[in-house]
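For the sequence shown, my numbering assigns the number 96 to the initial residue and increments by one for each residue that follows.
These are computed hints drawn from the structure, not numbers from a lab. Careful: at least some of the hints might be erroneous.
To be verified - In silico BS3-like pairs for lysine-lysine, Cα to Cα no more than 30 Å straight-line: (1) Lys-335 to Lys-323; (2) Lys-323 to Lys-313; (3) Lys-313 to Lys-327.
Said to hold, decoys possible - Each pair of labels, with its calculated beta carbon distance range: (4) Tyr-283 to Phe-123: 21 to 27 Å; (5) Ile-201 to Met-341: 54 to 60 Å; (6) Ser-334 to Ala-182: 25 to 31 Å; (7) Glu-285 to Glu-336: 20 to 26 Å; (8) Arg-302 to Thr-168: 44 to 50 Å; (9) Ala-161 to Gln-342: 37 to 43 Å; (10) Leu-333 to Ile-201: 32 to 38 Å; (11) Arg-302 to Glu-346: 31 to 37 Å; (12) Arg-302 to Ser-260: 40 to 46 Å; (13) Ala-156 to Leu-320: 34 to 40 Å; (14) Val-263 to Phe-305: 41 to 47 Å; (15) Thr-205 to Ser-292: 41 to 47 Å.
Even for Gly, the Cβ is constructed at its ideal location relative to N, Cα and C.
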Amino acid sequence: MSIKGTECSYSADNVFGPVVAAECRQGFDFTLFFEQSILSILPSSLFLLAVVPRLVRLHSAQIKTASNFFRRTKLLLAALLICLHLALLVLWIRGPDSHSRVSTTIPACTIILIGAVATIPLSYLEDARAVRPSSVLSMYLLGSGVLDIAQARTLFEINCDTVGSLFVLIMGVKISLLILEARDKRSYMEEPYVSYSRETTSGIINRSFFWWLNSLFKAGYQSLLSPKDLEKLDATLLSKELGQQMQAAWEHCSTCPAIYLKPFLANFN
Numbered sequence: 096m097s098i099k100g101t102e103c104s105y106s107a108d109n110v111f112g113p114v115v116a117a118e119c120r121q122g123f124d125f126t127l128f129f130e131q132s133i134l135s136i137l138p139s140s141l142f143l144l145a146v147v148p149r150l151v152r153l154h155s156a157q158i159k160t161a162s163n164f165f166r167r168t169k170l171l172l173a174a175l176l177i178c179l180h181l182a183l184l185v186l187w188i189r190g191p192d193s194h195s196r197v198s199t200t201i202p203a204c205t206i207i208l209i210g211a212v213a214t215i216p217l218s219y220l221e222d223a224r225a226v227r228p229s230s231v232l233s234m235y236l237l238g239s240g241v242l243d244i245a246q247a248r249t250l251f252e253i254n255c256d257t258v259g260s261l262f263v264l265i266m267g268v269k270i271s272l273l274i275l276e277a278r279d280k281r282s283y284m285e286e287p288y289v290s291y292s293r294e295t296t297s298g299i300i301n302r303s304f305f306w307w308l309n310s311l312f313k314a315g316y317q318s319l320l321s322p323k324d325l326e327k328l329d330a331t332l333l334s335k336e337l338g339q340q341m342q343a344a345w346e347h348c349s350t351c352p353a354i355y356l357k358p359f360l361a362n363f364n
């Protein structure tokens, strides 16, 4: 890239935009400022806000799984992610592409690094003390991984090849960690949690696409289904527990006409 092109890229990328100036990259791109502030800082900040209450809740929960290979692998990937984000920060400060950084580059790298550090305790506690894969971590890894695509493209467009290559490597580690985090934990759950239904132990991605029903579909394709082939209901959906909740809500109501409405509203709080 010519010196003029480099200056054009820097001046065009150090504004919010969101679309880069028409004379740079044919105007078909976001500015680096916008990508780092909205597509990096914002999701990382939301993740950190969600991590703290989740860690507090998990800290007081009972251990539900045995020590396993997947937990150790996830922690190693999380540690690798921290190292790569630290290297990215150093490259932006002193590397060959440091001349292309914008006002949001160092703050974005710092916040993302803090988020990477937070994945270690969250991943460990989620694996050990929750029956489901981590929804918070899965959503963050999936969301940030998708949003990083735009920034990776921009980095290569402005000839930040060293930073861009490391950025793509970070995306690969995120995807690998996401695959492990979304994995069902039934194979190493302790009693009585191992007997929970697949719906109860499935993560947010699994439940969003109803993948937990695949084993039932397969069984139905191969043979006739019987009641014993059906999965157990989630404990919160059992008629006995719902009836007790409804009865308790009904007994606490003593005024009309709200007496007919409050039990139903209370049951869905």
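> Can you list which hints this structure breaks, lowest number first?
Replying inline: Violated: hints 4, 6, 8, 10, 12, 14.
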